[in-house]
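Enquirer: One letter stands for each residue in the lines below.
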Amino acid sequence: MEAMLFYLVALVSVISAFFVTKCRNPINSALCLVTTFLCLAVFYVMLQAPFMAAIQIMVYAGAIMVLIIFVIMLLNIGSVGKSRYTHGVAGAIVLSFLSFIVAAKFIAGGTVSKAVGDISAEVVQSYGHTELIGKAMFTEFLLPFEIASILLLVAIVGAVILSKRKV
Amino acid sequence: MENLAQIAMESVNFQAIMPSLVLCCFGMVLLLVSVFLERGRTAPICWLSIIGLVVTGIISINGWNDPQAGFAGGVVLDNFATFFNLTCLIAAGLTILMSDSYLHREGYPVAEYYPLILFTTAGAMWMASGTDLMTIFLGLEVLSVSLYVLAGFFRGQLRSNEAGLKYFFLGAFSTGFMLYGVALLYGVTGTTKVAGIAEAIRLMPDASSNPMIIAGAILLSIGFLFKIGAAPFHMWTPDVYQGAPTPITAFMSAGPKAAAFAAFMRVTYISLDSLQVDMSAMFWVLAVLTMTIGNFVAIAQKDVKRMLAFSSISHAGYALVGMVAWNEVGFSGILFYMLVYTFMNIGAFAVLVLIGKQGEDNLTLDGMAGLGYKRPFLGVAMAIFLFSLMGLPPTAGFTGKFFIFAGALKAGYVWLAILGVLNSAVSLYYYLRVMVYMYFRDPVEDFSWVKMEMATIVSILIAIAGVLYLGVLPGPVMELAKLSIF
Amino acid sequence: MLENYLPVLVLIGIAVAFAVGSVVMSGLIGMKKPSAVKLAPYECGMPLVGSARERFSVKFYIIAMLFILFDIEAVFLYPWAVMFKRLGMFGFVEMGVFIAILLVGFIYVWKKGALEWE
Numbered sequence: 001m002e003a004m005l006f007y008l009v010a011l012v013s014v015i016s017a018f019f020v021t022k023c024r025n026p027i028n029s030a031l032c033l034v035t036t037f038l039c040l041a042v043f044y045v046m047l048q049a050p051f052m053a054a055i056q057i058m059v060y061a062g063a064i065m066v067l068i069i070f071v072i073m074l075l076n077i078g079s080v081g082k083s084r085y086t087h088g089v090a091g092a093i094v095l096s097f098l099s100f101i102v103a104a105k106f107i108a109g110g111t112v113s114k115a116v117g118d119i120s121a122e123v124v125q126s127y128g129h130t131e132l133i134g135k136a137m138f139t140e141f142l143l144p145f146e147i148a149s150i151l152l153l154v155a156i157v158g159a160v161i162l163s164k165r166k167v
Numbered sequence: 001m002e003n004l005a006q007i008a009m010e011s012v013n014f015q016a017i018m019p020s021l022v023l024c025c026f027g028m029v030l031l032l033v034s035v036f037l038e039r040g041r042t043a044p045i046c047w048l049s050i051i052g053l054v055v056t057g058i059i060s061i062n063g064w065n066d067p068q069a070g071f072a073g074g075v076v077l078d079n080f081a082t083f084f085n086l087t088c089l090i091a092a093g094l095t096i097l098m099s100d101s102y103l104h105r106e107g108y109p110v111a112e113y114y115p116l117i118l119f120t121t122a123g124a125m126w127m128a129s130g131t132d133l134m135t136i137f138l139g140l141e142v143l144s145v146s147l148y149v150l151a152g153f154f155r156g157q158l159r160s161n162e163a164g165l166k167y168f169f170l171g172a173f174s175t176g177f178m179l180y181g182v183a184l185l186y187g188v189t190g191t192t193k194v195a196g197i198a199e200a201i202r203l204m205p206d207a208s209s210n211p212m213i214i215a216g217a218i219l220l221s222i223g224f225l226f227k228i229g230a231a232p233f234h235m236w237t238p239d240v241y242q243g244a245p246t247p248i249t250a251f252m253s254a255g256p257k258a259a260a261f262a263a264f265m266r267v268t269y270i271s272l273d274s275l276q277v278d279m280s281a282m283f284w285v286l287a288v289l290t291m292t293i294g295n296f297v298a299i300a301q302k303d304v305k306r307m308l309a310f311s312s313i314s315h316a317g318y319a320l321v322g323m324v325a326w327n328e329v330g331f332s333g334i335l336f337y338m339l340v341y342t343f344m345n346i347g348a349f350a351v352l353v354l355i356g357k358q359g360e361d362n363l364t365l366d367g368m369a370g371l372g373y374k375r376p377f378l379g380v381a382m383a384i385f386l387f388s389l390m391g392l393p394p395t396a397g398f399t400g401k402f403f404i405f406a407g408a409l410k411a412g413y414v415w416l417a418i419l420g421v422l423n424s425a426v427s428l429y430y431y432l433r434v435m436v437y438m439y440f441r442d443p444v445e446d447f448s449w450v451k452m453e454m455a456t457i458v459s460i461l462i463a464i465a466g467v468l469y470l471g472v473l474p475g476p477v478m479e480l481a482k483l484s485i486f
Numbered sequence: 001m002l003e004n005y006l007p008v009l010v011l012i013g014i015a016v017a018f019a020v021g022s023v024v025m026s027g028l029i030g031m032k033k034p035s036a037v038k039l040a041p042y043e044c045g046m047p048l049v050g051s052a053r054e055r056f057s058v059k060f061y062i063i064a065m066l067f068i069l070f071d072i073e074a075v076f077l078y079p080w081a082v083m084f085k086r087l088g089m090f091g092f093v094e095m096g097v098f099i100a101i102l103l104v105g106f107i108y109v110w111k112k113g114a115l116e117w118e
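Protein chains in written order, with our numbering: chain P, 1 to 167; chain F, 1 to 486; chain C, 1 to 118.
These aren't lab readings, by the way, just hints derived from the structure by calculation. Accuracy of the hints is not assured; some may be wrong.
[Unchecked claim] Here are the computed distance ranges between Cβ atoms for each label pair:
| id | chain 1 | residue 1 | chain 2 | residue 2 | range |
| --- | --- | --- | --- | --- | --- |
| 1 | P | 115 | F | 432 | 51 to 61 angstroms |
| 2 | F | 327 | P | 100 | 38 to 48 angstroms |
| 3 | F | 278 | C | 60 | 42 to 52 angstroms |
| 4 | F | 206 | P | 88 | 35 to 45 angstroms |
[Stated by the list, open to error] No more than 20 angstroms apart at the CA atoms, straight line, and that leaves these computed lysine to aspartate or glutamate pairs for EDC-like:
| id | chain 1 | residue 1 | chain 2 | residue 2 |
| --- | --- | --- | --- | --- |
| 5 | C | 111 | F | 38 |
| 6 | F | 166 | F | 66 |
| 7 | C | 112 | F | 38 |
| 8 | F | 357 | F | 303 |
| 9 | P | 166 | F | 106 |
| 10 | P | 105 | F | 206 |
| 11 | F | 302 | F | 199 |
| 12 | P | 164 | F | 38 |
| 13 | P | 166 | F | 38 |
| 14 | P | 114 | F | 199 |
| 15 | F | 302 | F | 239 |
| 16 | P | 166 | C | 116 |
| 17 | C | 85 | P | 2 |
| 18 | F | 374 | F | 328 |
| 19 | P | 164 | F | 446 |
| 20 | F | 482 | F | 38 |
| 21 | P | 164 | F | 162 |
| 22 | P | 114 | F | 162 |
| 23 | C | 85 | F | 10 |
| 24 | P | 164 | C | 116 |
Computed from a predicted model, the values in this text were never measured in an experiment. Think of the CB as a built atom: it goes at the ideal place given N, C-alpha and C, for glycine as much as any other residue.
Kindly produce the complete structure, drawing on both the sequences and the hints.
Expert: Have a look at this one:
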């Protein structure tokens, strides 16, 4: 059942990812990207990471997509005409095929091992995913958490400086 | 129910983050002050940020020989971190000194410039003192995001826009690589602590053939190599260095580069110690490639800023030689070299800041013609910095390279040292060419627009003092660098 | 494990059914008296003049960017809220520092006039 669902969602995500690059109209591409993001959220749910799934939808499928759409409207690209981009397609196909083979070889040759470290699937089950993230963030990774606020502050300043009409 | 608050509170140690904490506080206060000042009044912010840097410097020096760890092993303020902190503070200080008149000349007197430099420096400090990949990564992000903004700071200039955009895109990519490396290493070791990863890898029987560790190590290295500007991840350097505001170029090539080296060294020497043979071999190739590409492409450059960008690539290559050596001499050599490079490179850019016209289209080789006669002080200053960049005695460039190559020789990398010296010989050509233009060409222009701004002159004088002091009497600082090894 | 998400699936199903159902039903049993106003893409608001492919002002973009930044701030609040009782006063201070730093950013944005529609 779960495997079936995985393959179904994986298929959808790969197809929509393909159409992100394939669509002529940038808005269509953006909508395909939303589909891909939603599929990723489903994967997170399957991996017992509901918090990641929620963030994936809130931040990526929500906020980031708004920004992408805004950029498209800002640039006013419209749909690209009939011209086809054939430049380097053959090279890209060969390269991706080769990397696929390498990745497949590694994955097939590897052994499935249990998660290393203190946090296993059982711990996540019993303690709760969001709780574990909260625990790590506010005890062990307290400093990176506070640095993140400085990072956001810098980003705010940067956004204002670079895009406000009069600074 | 476990007492989380108790555990977390015990791990808090403000001593371990004091310099960056002070710097951030200064940054935030200056940000708030700046919005309440009228537009164009940047001088108070400029001087307050200098005060902030000095205060932070004093705090850092007070922490010498008093290692402080804290935040559950996420950060440690040891001598190594302090040495790099001071290097970054010097870089930031020299940059800010030359900035104010420059910003007014170019027509962008925006006060946020200074807080952003302070935040960049704080990010550099987290990188230098981070002992957890998360701390290092977030430090790197704070540093990078501030630099993206600073590189594109001149919004009306196409070149600056290009610099900001290119730096941002490529930087975001390299960050992605690095994060993937962190994820792989976490997946295989179950920890993000630098020491914990070392422990886990040591316990593994076949670590050097484990694909996850290899991929993790390589991807992590790519992130750092990008920031350092080492070949083949150097593509962004020329355009970004040329397009960014000149003081920012100076800063970028010194402070953040030193911080990237600091984090890179800590991660490779501690976490990936078991992979020494493979990592050393990789660094060997990268060092030779970086030196050679930097030096040979610099020959073809007509724009002085762009030439210095390629020269900065080659200097990253020299410093990588110290990474190959993987011993104490090469190691302290990198620390020393980063300090030396800060002085000589920022000094050279400070001279460019003074002689540039608005828009800086005159910073070409032809534009330098006759500078030595028309502006003797600037000519002599530039000559000293160029001699130092070449690596000629009695300047600091010589002693810096000497220690690095000595480390390589001690580790038995004779060919690497020979290639390094040969590369220095190649670099003579393009540095000397600038000198030839300055002293042996008839002046095309009279340099009448050059205003000898006091603060910039101070910055140049400090840089000259640093270059000559470290060149003539390298002993004391080298001793400090030796004491800084973890 | 996945069974826990059955209500979500049911909710999605109801939402889709409602949306599709309303459109289909109104098409089947509704009266059709088309007029120019009714057939316009939006029945209310400003009259539609010109192409939809108009270049948007960068003003929208800065608002969107600031929205994302504060959105990400909000994301950090969830794990904190879940652990709030166990972290107690210490967690409150931690989050206080985090918010205070972003408050500096907020004051900056406000005083800078970036939220004004200039």
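Enquirer: If a hint holds in the structure, say so; if it doesn't, say that too.
Expert: Do the hints match the structure? See the list:
Range check, residue 115(P) to residue 432(F): Cβ separation about 59 angstroms, and the 51 to 61 angstroms hint holds. Distance hint check: the CB atoms of residue 327(F) and residue 100(P) are about 41 angstroms apart, consistent with the given range 38 to 48 angstroms. Between residue 278(F) and residue 60(C), the C-beta spacing of about 50 angstroms keeps the proposed range 42 to 52 angstroms intact. Distance hint for residue 206(F) and residue 88(P): a CB-CB separation of about 38 angstroms, consistent with the stated range 35 to 45 angstroms.
Under the criterion of a C-alpha separation no larger than 20 angstroms, the hint pairing residue 111(C) with residue 38(F) is consistent with the structure, at around 12 angstroms. Between residue 166(F) and residue 66(F), the direct Cα distance comes to roughly 41 angstroms. Violation of the 20 angstroms bound is thereby established for this hinted pair. For a cut-off of 20 angstroms, the pair hint linking residue 112(C) to residue 38(F) stands: about 11 angstroms separates their Cα positions. At most 20 angstroms may separate the alpha-carbon atoms for a hinted pair to count; residue 357(F) and residue 303(F) meet this at roughly 14 angstroms.
Between the alpha carbons of residue 166(P) and residue 106(F) the distance comes to roughly 16 angstroms, so the proposed pair stays at or under 20 angstroms and holds. Our distance criterion of 20 angstroms between C-alpha atoms is met by residue 105(P) and residue 206(F), whose separation comes to about 18 angstroms. Of the pairs offered as hints, the one joining residue 302(F) and residue 199(F) is violated, with about 50 angstroms between alpha carbons and a cut-off of 20 angstroms exceeded. A hinted pair counts as satisfied when its Cα atoms are at most 20 angstroms apart, and residue 164(P) with residue 38(F) qualifies at roughly 17 angstroms.
Annotation: proposed proximity of residue 166(P) to residue 38(F) holds, straight-line Cα distance about 13 angstroms (limit 20 angstroms). At most 20 angstroms may separate the alpha-carbon atoms for a hinted pair to count; residue 114(P) and residue 199(F) meet this at roughly 18 angstroms. The straight-line distance between the Cα atoms of residue 302(F) and residue 239(F) is roughly 14 angstroms, inside the 20 angstroms bound, and the hint therefore holds. Simply put, residue 166(P) and residue 116(C) have alpha-carbon atoms about 12 angstroms apart, close enough for the 20 angstroms limit, and the pair holds.
Distance restraint check for residue 85(C) and residue 2(P): the Cα-Cα separation of roughly 35 angstroms exceeds the 20 angstroms cut-off, and the hinted pair is therefore not satisfied. With a CA separation close to 46 angstroms, the supplied pair residue 374(F) and residue 328(F) exceeds the 20 angstroms bound. Under the criterion of a C-alpha separation no larger than 20 angstroms, the hint pairing residue 164(P) with residue 446(F) is inconsistent with the structure, at around 39 angstroms. With a C-alpha separation of about 48 angstroms, the suggested pair residue 482(F) and residue 38(F) falls outside the 20 angstroms cut-off, and the hint is violated.
Note on residue 164(P) and residue 162(F): the hinted pairing holds, with a Cα-Cα distance of about 18 angstroms set against a maximum of 20 angstroms. Restraint check for residue 114(P) and residue 162(F): not satisfied, since their Cα atoms lie roughly 47 angstroms apart, outside the 20 angstroms limit. A hinted pair counts as satisfied when its Cα atoms are at most 20 angstroms apart, and residue 85(C) with residue 10(F) qualifies at roughly 19 angstroms. Simply put, residue 164(P) and residue 116(C) have alpha-carbon atoms about 10 angstroms apart, close enough for the 20 angstroms limit, and the pair holds.
Going down the numbered hints, you'll see the structure goes against 6, 11, 17, 18, 19, 20 and 22, while the others check out.
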